[in-house]
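Each chain, written out:
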Amino acid sequence: MKLEKELVAASSVPLVLSILSEGDSYGYAIIQRVKELSEGEIEWTDGMLYPVLHWLEDQGFVRSEWTKAESGRKRKYYSLRPDGRKALKRQKAQWSIVTGALNQLWRTEHA
Amino acid sequence: MLENLIGEWRRGMSGRVSEETIDELESHLREAVAELARSGLTEEQAFERAAKELGTTSGLAREFAKTNYGTWLPIKLASGVGLLGVAAGAITLLLNLDSPGLRFLLWSHVVLVTLGYSTTFLIGALGICYVGQRAFSGFPRQQLRGLARATFAFGWVAAIATIGAVVLGAFWAEEAWGRYWGWDLKEVGGLAVILWQLTFVAAHWFMRRNEQVLVLMSLLGNVVVGMAWFGSNFLTETQAYGTMAWVTLVIALAVHCALFVAGFAPAGWLRRSNAV
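Chains as they are written, first to last, in our numbering: chain A, 1 to 111; chain B, 1001 to 1276.
All the pointers check out, no bait thrown in.
In silico lysine to any residue, SDA-like type, Cα no more than 25 Å apart, as pairs:
(1) A/K76 - B/M1207
(2) A/K74 - B/N1004
(3) A/K86 - B/L1270
(4) B/K1052 - A/E39
(5) A/K74 - B/S1039
(6) A/K68 - B/E1043
(7) B/K1052 - A/R33
(8) A/K76 - B/W1009
(9) A/K92 - A/G40
(10) A/K76 - B/R1062
Computed footprint of chain A on chain B; a stretch qualifies when at least three of its residues, placed anywhere within it, have a C-beta under 8 Å from a C-beta of chain A:
(11) 1018-1032
(12) 1052-1064
(13) 1136-1147
Calculated from the structure, these hints are not laboratory results.
Predicted, not measured: the structure shown is a model, and the values here were computed from it.
We put the CB at the ideal spot given by N, CA and C, even for glycine.
Please put together the full structure from these sequences, using the hints given.
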């Protein structure tokens, strides 16, 4: 099932923040993690992630640093800042309200 | 082969997004190509697929343009005020073109010193706006980079105008008072302002990545120029032009120091809601 474009866009910030809360990561690995978590159902255009990461950095939610991997390849790693952790907490609370409300409605429908 | 393809891709991206972003996207492409090559594709096939999955150059540019904030309003206003100041100075000099040589020299000195000092105040005003916006809503890094570039450009204008003013002032002083330099407080103030402006411009060269400190430094420029322009009036009667209650100056200096410190507080420390 292909997700609506708007839903994919709206979920990008909580997804990226949540993935970074697991540990520092870089663009390519973040996309792979999203594919793995959604079993391929969430399809991001690879290039769509980077403007989101830059926006999060502009907002002070994440910081970035170039590092050299063991393979010799340069990677830009992102890590969560304290403001990012707070933003993630708020996002969790907001998404819980939405999913909670929808679950209740759909449970009633099926009862 | 792969290097040629990536080189060509980079040329296509050049000018559409920043060089750092191109580096980051290239790093992504290389990861994807390596992964696809492991699954049996040739380098060329892997690159084509990875580039397609990354998105077209125009599509990527469109996505990044959504996070482009444009020129910050206070920079536009400061540029407008600065241009008006230059125009007013030029008109003043044109109106005094028929003045005797010594008088015209003095007019040129006054116009340039006003331009140099006022431009430093404009840079300081941008610093104050930065502290204000950052306290309430945070300050995007991209905008901060633009602001640092603007203060660098203004800094050059201020330094060149002030140096010109001091040199012309020295020639005028030689003609009028029989000496180029007399170490009076106004002259020492002018020298301090030049030293500050050159330090400010040099800091932009050496601390390019620390935009926050560079922008906050502009507040100290207000203090230096305030002391040079008005502070010396309280200590000497030589070249004491204009008046200002010393209390006003002390309050202004204290406010600037407080703003400088506030500039290091966490972004959005005065914001009421913390919506993402």
